[in-house]
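Visitor: Chains as they are written, first to last, in my numbering: chain R, 6 to 273; chain U, 150 to 667.
To be clear, the hints were calculated from the coordinates, so they are not data collected in a lab.
A hint or two may mislead.
Pairs of lysine to aspartate or glutamate residues, derived as EDC-like cross-links and limited to a Cα-Cα distance of at most 20 Å, are as follows [stated by the list, open to error]:
1) Lys216(R) to Glu49(R)
2) Lys281(U) to Glu262(U)
3) Lys147(R) to Glu476(U)
4) Lys203(U) to Glu172(U)
5) Lys147(R) to Glu516(U)
6) Lys216(R) to Asp52(R)
For clarity, every value in this text was computed on a predicted model and none was experimentally measured.
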Amino acid sequence: MPAMAVVAERQRPPPIRPESLHPTLWLGHQLARHADAAVATGFEALDAQLPGAGWPRRALTELLLPHPGVGEIRLLAPSLAATQRAGRLVMLFDPPASLSAGALAQLGFAVEELLVINSHNRARTRVTPGTDSLWALEQALKSGHVGAVLAWLPPRLRAERLRRLQLAAHAHDGPAFVLCDMSAAQRPTAAPLRLALRANGADALAVRVLKRRGPLLEAPLQITLPPVLSEVAQQRARAGVMPADAKANASTKPGSLHAATFVNLAAG
Amino acid sequence: MLWIALHLPLLSLESFAATLPHEAGEPPLALMDAHSILAVNAPARALGVQPGFKRATALALAPQLTLGLADPARDAQALTAVAHAALAFTPTVVIQPPSHANAEDAPHTVLLEVQASLRYFGGLPALQRRLKEALTPLGHRLHIVSASTPLGAALLARVQPRLDCADLAATARALARAPVWLLGPGRAHWEALQGMGLHTIDDLSRVPRDGLARRFGPVVLDELDRAMGRRPDPREPLVLPPTFDSRLELFARADTTEQLMHGAAVLLARLVAWLSAQHAFARRFTLVMEHEKRSRFDAPGSGITSLEVALAEPSRDSAHLLVLLRERLAQLQLPAPTLDLALRAEDIARRAPPNTELFPTPATEHEGLTRLIERLQARLGREQVQRLAPVQDHRPERATAWRTADAQMRPGRARNPAGGANDALSAARLVRPVWLFQQPELLTEREAAGERGPWCDGQPLLLLSGPERIESGWWDFDAIERDYYIAQLPGGALVWIFRERVPNAGATLNWFLQGRFG
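Bound-form chain R, shown alone (with noise of 0.2 Å):
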């Protein structure tokens, strides 16, 4: 009998992986992976801690942003004027301020194909504040033929109402990042990502992955944005000091103007 347990023991097969069964399936140490390759995001820290190592396709992507200029731009451009490369349209819903073409065009956007929906500056106002672009979102996700959506969603949005976009956004194929006030942070969310962005440091951002299919991430992701300043102005934000110039500069008073200065007589 013991001899008959040995042979028994030898034969028995490998344990089996889950994970190599079926790409939906995953252990809780593990990255989750998608059927649909993932969008490359551009920056290589990040694509490694996202599941699928990218923007998830099918499925909504949620930043929570204290105010709008913390470097959300520069962190989505590569992703989103890849798919403008791709001869795909990019889609922007109700931009929480006015955009600047030269600046677009810089991150490598084709500013001219970027459709924006803008229905805050509406004469006639609806009941609810945002209907209208949630309306146009929904329908944007559902057509399946726009490659990636980028909104700003209304303060205090109810959780169905995000749950009905993910629902929606199963027929997009493409990344579909929806931008939120950090205050959405203590409310759940039907997003299978989330993820909080801090400006840390001039050209910095602090990437917190707040959910995500897979285990937990305890700090933050430092990424490094494409640099807006100059290298010395980069020494300067690091030493934290202000230029002599710009010193002299900002500290002019009104009555000792420089000699060169044109006063607009007609202005005063």
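For chain R, the structure is supplied; the task is to place chain U on it using the hints.
Guide: Using the frame of chain R, we list chain U on its own:
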């Protein structure tokens, strides 16, 4: 020669039902002329109402009966739409005229000569199936009969829902069994013919012809000969009108968009039939709504709203047209309830029909995008769907213009190899923030660490780069003279601020926030 006759036995009732507000289930309906009931639908018949009843009798039997007046003009418009739909299958389409003897008895029949179309459509059964599919949106009950003579087909269609007579002999055999009252004059003399023992057309053709002609006039024999193919029966084919104009008088006044859409859907189905007759697509169409007069002093033309729907991509897909119309109607506030609807179209595009594909192709994606943008424009308004355009101007507020997006926008099309404006902007390597405020925000100036400087969001700013001096725009009286700096918030976010170079009324030089680096 092979003729298909489409007979619509319930045309009057169906064209009346189209003017009613949409209801769940099928309400009992009856049509009447001045004195008596002419036609009833199945629910009314189940309640015991019969054609020929007086109005009071019918209402006593069924108080919930909806009574409408028979309107030959309304029936003719519905029948014209059927004829238009049939024109997509053959150029020879005829609306069967009323018989000479009793002009008020409209035959409600459309005739198609299809001998030349059989091969293209793959035989008679396939053609009839396609014909039925094309007529489904119009929503009529159909009798389809094919025969060798136009009159024979028209007569048989009145009694037979479905019949195919392959040749002249089969047509003659089928007609021989048909009742004698089918022939127009036969109905006028029906009692006399019954008295003579002539029940079927076969009986009629057995009696001597000269006697028949003497008793009933030559018309009976003339119709019989034409139906049997013994006498030529030339027909004038229908010519498609160059513009589409169809109207629908609503039975009840329409207060809501839903009620309007029910009527508009009927008119759109007619428009699609007219378009498919000439293999064309609509570029724009107009829905004209005539409203109830608010007072009797209103001018006759005052209560009319016209709603024009223009399409970026010409279409004859009734579902898409209906969605666009619904969105446009939802935006519109109508001054009064609507009584009368009319749909007009003249701007059309003739082109090859779209290919039907199983798998998505770039063409279907482009069409889908066009439809999406059209739908967004219809609901939100054209001015809400925008694109950016760079402008050659040094003033930051003016370097970007918003343009209304074209629904035909196709990614990858505008990228010309020379580059154009995009390259000119990048070549300058000007550092500009993505978020650029149209109205600069005034910043406060406070002491921080012993120095006065601008503050933003309650935090001191650290100037990192600058100044970049911009002086421009004296030519259009919007001159700016500013020194721009890139500054950093304590957290690390970068902002773009400027200081005026011309003191304002308070003799101070203010700091302003112009943008944020996104």
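Visitor: Against this structure, judge whether each hint is valid.
Guide: Each hint, compared with the structure:
| no. | hint | verdict |
| --- | --- | --- |
| 1 | Lys216(R) to Glu49(R) | holds, 19 Å |
| 2 | Lys281(U) to Glu262(U) | holds, 16 Å |
| 3 | Lys147(R) to Glu476(U) | holds, 17 Å |
| 4 | Lys203(U) to Glu172(U) | violated, 26 Å |
| 5 | Lys147(R) to Glu516(U) | holds, 15 Å |
| 6 | Lys216(R) to Asp52(R) | holds, 15 Å |
In this structure, the one hint that does not hold is number 4.
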